[in-house]
Amino acid sequence: MFRAPTRRTALVAAASVAAALGVAACSAPSSSSTSTSTSGGGANAASATSAQALGGMDALVAAAKKEGALNVIALPPDWANYGEAITAFGAKYGIKVTSAQPDASSADEIAAATRLKGQPTAPDVFDVSQTVADANKATFAPYQVATWSTIPADRKDSTGVWVNDYAGYMSVGYDSAKVPAPTSVADLLKPAYKGKVALNGDPTKAGAAFAGVQMVSLAEGGTAADISKGVDFFKNLKKAGNFLPVDPTPATIQSGQTPVVFDWAYNNAPISTKLTTWKTWIPDNAILAAYYVQAINKDAPHPAAARLWEEFLFSDEGQNYWLKGAAFPVRYDAMKAAGTLDATALKSLPAVTGTPVTPTDADNTTAKDYLTKNWANAVG
Amino acid sequence: MADKESGRARGGRRPSGALLGVLPFFVYVTIFLIVPTLIVVIGAFFSQGSFSMVNIKALGESAVKTALWQSVILSLVTAVLGAVIGAVLAYAVSTAREGGIVKRFVTSLCGVLAQFGGVALAFAFMATFIGSGILAGLSSESGGLWLYAWNKGLILVYLYFQIPLMLIVFLPAVEGLRPQWREATETLGGSTFTYWRKVAGPILLPSFIGALLLLFTNAFSAYATAKALISQGTPLLPLGIDGALSSEVVLGQQDVAKAMALEMMVVVAVVMTIYTILDKRASRWLVK
Chain A
1 MFRAPTRRTA LVAAASVAAA LGVAACSAPS SSSTSTSTSG GGANAASATS
51 AQALGGMDAL VAAAKKEGAL NVIALPPDWA NYGEAITAFG AKYGIKVTSA
101 QPDASSADEI AAATRLKGQP TAPDVFDVSQ TVADANKATF APYQVATWST
151 IPADRKDSTG VWVNDYAGYM SVGYDSAKVP APTSVADLLK PAYKGKVALN
201 GDPTKAGAAF AGVQMVSLAE GGTAADISKG VDFFKNLKKA GNFLPVDPTP
251 ATIQSGQTPV VFDWAYNNAP ISTKLTTWKT WIPDNAILAA YYVQAINKDA
301 PHPAAARLWE EFLFSDEGQN YWLKGAAFPV RYDAMKAAGT LDATALKSLP
351 AVTGTPVTPT DADNTTAKDY LTKNWANAVG
Chain B
381 MADKESGRAR GGRRPSGALL GVLPFFVYVT IFLIVPTLIV VIGAFFSQGS
431 FSMVNIKALG ESAVKTALWQ SVILSLVTAV LGAVIGAVLA YAVSTAREGG
481 IVKRFVTSLC GVLAQFGGVA LAFAFMATFI GSGILAGLSS ESGGLWLYAW
531 NKGLILVYLY FQIPLMLIVF LPAVEGLRPQ WREATETLGG STFTYWRKVA
581 GPILLPSFIG ALLLLFTNAF SAYATAKALI SQGTPLLPLG IDGALSSEVV
631 LGQQDVAKAM ALEMMVVVAV VMTIYTILDK RASRWLVK
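Here the protein sequences come in this chain order: A and B.
The numbering of the first sequence is the working numbering, which starts it at 1 and goes up by one.
The numbering of the second sequence is the working numbering, which starts it at 381 and goes up by one.
No wet-lab data here; the hints were simulated from the structure.
Treat the hints with care, since some could be wrong.
Simulated DEER-style distance windows between Cβ atoms [what the hints assert, rightly or not]:
#1 B:401 / A:361: 58 to 66 Å
#2 B:555 / A:228: 54 to 62 Å
#3 A:181 / B:418: 53 to 61 Å
Don't be surprised by glycine CBs; every beta carbon is placed ideally from N, CA and C.
This is chain B alone, in the form it adopts within the complex (with noise of 0.2 Å):
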């Protein structure tokens, strides 16, 4: 191993000791994220227990490619409009008193809510929203139909947690801008948008970008919030791989589920290569 090598020669540690110190790790990885992926991966190539493509045509049904469709627009509404308010946010507490009870509570508060999700969540709407819910009354001409459709109370839903994740995450990025460097761009005859437009936008871009794949991920893979709302029409692929295990109508599609899985797996890697290429244009001028 290479970085065997290079360890002793860097900083003469025992090589022994440190790889013992990771191969939990190792072991970790490998049960609960290598086996997993490597089983739907070549599951998605099977069927029947012999090689065929059939599950990778199944993806061109209607069915699945709206499910897809759809996914990804929720994952995107959901995330920018989580990151730009998100975003506001953390900078309105970062110029709270540091150490005063408002950044305190705002963002201890964000921890939990950033958490929170799931048929808690889903509960916590419908019990407002619905039947004798304090908030019923807002949607009583709709009968409260709206919050079960994955374009309307979905992302609303989705927002409650995308939202404050993106203040945890983007905090730490808002805090890192000085005082001194807007002052100096005063000092230089800049104004606030020339500071937002030239200082402060293209340190916080980077970071910005980051979040946003962070949170479209986090939209993307959901399942547990929308299984808990939506029980008819499986607008959504997280849903359709649920339907394709368990559906007792529709029988033996469990390696459908899994080139389902696959083509989730693609479309984070599609993302993440955009990622890649945007992080590497926005921060160009930063010294790494």
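One chain only, chain A, in its complex shape (with noise of 0.2 Å):
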């Protein structure tokens, strides 16, 4: 995830500061010594691999209620609902949820769990991009939800280590009381659409901005690993003068700063309640799906908590608020199949006609050669 970001100086600033004061004076709170009410034998939350191996699903809420506090980092409120969620977790278990930087960078996540290690005040769990999670799953702990075997194998690492959540298709949102509907994308590049159209963030930085390039290049006649056509596409955008160069963020959306958004549709479609003339459309021709990851902190100051917070994302009522928030659910099939999906919130979900491309790690990587070299000249 990654919006503006607007804190990064203090965090780097406090984290330092927290760093120099010593590191060691604090480490992970252990349970081990005062587990007596757990079955478990001695289990620790820290190493614990499931709820089992804590003594079951009562023995960790007992663990992270005792906690009482849960970190969370990144977690924009208004991404794929998940100001809803952590609200609906912090009241069923009574635990605090602290959310820090909800506009930070999935490379932040890592980076502030590394600063802040041993701190109380360090992050318990991450959702990171596939290239971040990828890239640092040492700092990860294994762990599987009581849910595990209804998450596709494709989408889980087989230890646990890492577990994609939820996926978005790539769209544009508009507002319809300010330009006329798209029916390519290449209806963008015409004067109805001047200094109206905006990318969620920089490609070269942001995940989502970088998956929105890939969703043009397809509809422009290339690949997710071939982009030069999308890259030519904002070229010619710019050149136009079509290409707003503004962070759209709900508040820019509103204000009708930004008209014309390429975002996950999971951003774009919640604003309709607030905006009834905004609408999100996913081009037939490139329907670009990727799926964002959970994984939980070696680390976490709060390993119980961050385990139960796991099991609850992962449990029928935590996979309903992705879905409400327009986001695709891991476990979506298994909860098709057995109608525990939320009817309510399925109707939010984007309606797509066609086979979704899913980005592979290899078709990334020759992408983001080819946009770090190219992408400032291309729009600078």
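Two chains, two frames, a set of hints: combine them into the complex.
And the structure:
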């Protein structure tokens, strides 16, 4: 996730001061010495790889309640309905959730965990892009949620180090009161969209914007790996004076500052509840899907709460919160079969016709190389 | 320490007390200047924990070279424009009545504006020129996109704090000009041009160059304002450092960020050297 960063410097400063004050001063609380109620034979939440290992779900809940706090990071409340999920989790278990740096990037999440290692304010759990997850497996603790078997095998690490949580389709959001409905991506080059088309971030920095360029590439006849056509499109968009170099947020959309926005459908679709003329459109010839990744910080200051949060997110209840936020939960198929999908929430999922393309690691690597060399020149 | 000896010899003050007085300063400088500088300089030459020139080589990428070039141009243009306009304003203000309302108003206004920057400043310009802003009509043709361009909007926005800053730092120098010098010039048959060319100009030149340097580094290191306005294409070096540190697309560039920071230090060092040479030449005749 990545929104316009705001308080990064403050964090860096705070983190370095904290580090200077002595990292060794405190360490992750260990429940083994105090876990009189757990029946897991002195099982430690920090090393538990499932609720079973801790002595069952009730023991996990008890241990988490005892910790009483959970630190999450980089979760904008309006991103895939995270705000509601966080509130519900806190209310359900009486755990105080501290949401740090909601606008930080996936890379910032890992950086914060490294800097705050051993501190009570370190993030407990991560929601990161696949790229960042793959590069940082060593910082994650393996854990398998109770619903593990219902998560498709290709959407999780076999040992439980990481697991996909929800997917999004790349979409074009537009204000139907301000611009005509686009029927193809190429339409956006027309004069009707002059100075109106924005991308959610710089694609060399933000995963969402990167996927936006990949999606345009598909629409223009390129692939997810060869994104030269996508970059060329934005170059032409800029040349036509249509490209708006503003970082869109729900605020800029509602104020009319950014009438057309490339972003994940789960960011675009919920805005229509506040701005009724806001439409989310996914081009038929360019359906790009990407999953985000859940992982637990192996140095989590609240190891039990972190695990309970994962259990919550992958329960039917948690999955339905994402669904309500127009994200595609990873247990969608299993829940559909079991009939546990929230029917009202299901309606917020944007309709797609066609086969979604999920870029592979190799695709992304090739695309990145091209992008870092050519993006600045294309839009600079 | 040599200072200790000379301190005792000259002033006869107790050295321990004097050293104690500057101790907080040295601690402060060490924590906030020396340590970070060392981290950046050393880090620039390390990659994945071992000595490597790979970060320095990355500075040769065309995107980084462009960012450096554009940063220098932006800083130079806003420094020169800011210095010239600010100097003229400072002179105008200096001729106002001492203690008068105009002078007090302008100097305190500039004191505020010189510190006006970052997101607040960027927002002020957006609110004025974009959407339903009162000057939005002026830019409706282009949709206000010029505001987000480093070589258009950003120059205007930077001037907004550069000019007042110049006025503040240059005003004392202009106020040092004595009316008697002008009278003396006229008595000796000099024209206004002669006065500026031969008397006021040379006196003001060292201060002017110093202020110019301050303005250059002020613009060169500015980050928050640019960050708030520009979100695409990384046109400036400070934005490049931000991108290298926090990109979730291209990972593992933290050390390249340090190399870019080192590059900025080198630029400032070069500018400082030029300044020292110019200052020496300009103030040759001054008794120091």
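Each hint tested on the structure:
no.	hint	verdict
1	B:401 / A:361: 58 to 66 Å	59 Å, holds
2	B:555 / A:228: 54 to 62 Å	60 Å, holds
3	A:181 / B:418: 53 to 61 Å	57 Å, holds
Checked against the numbered hints above, the structure violates none of them.
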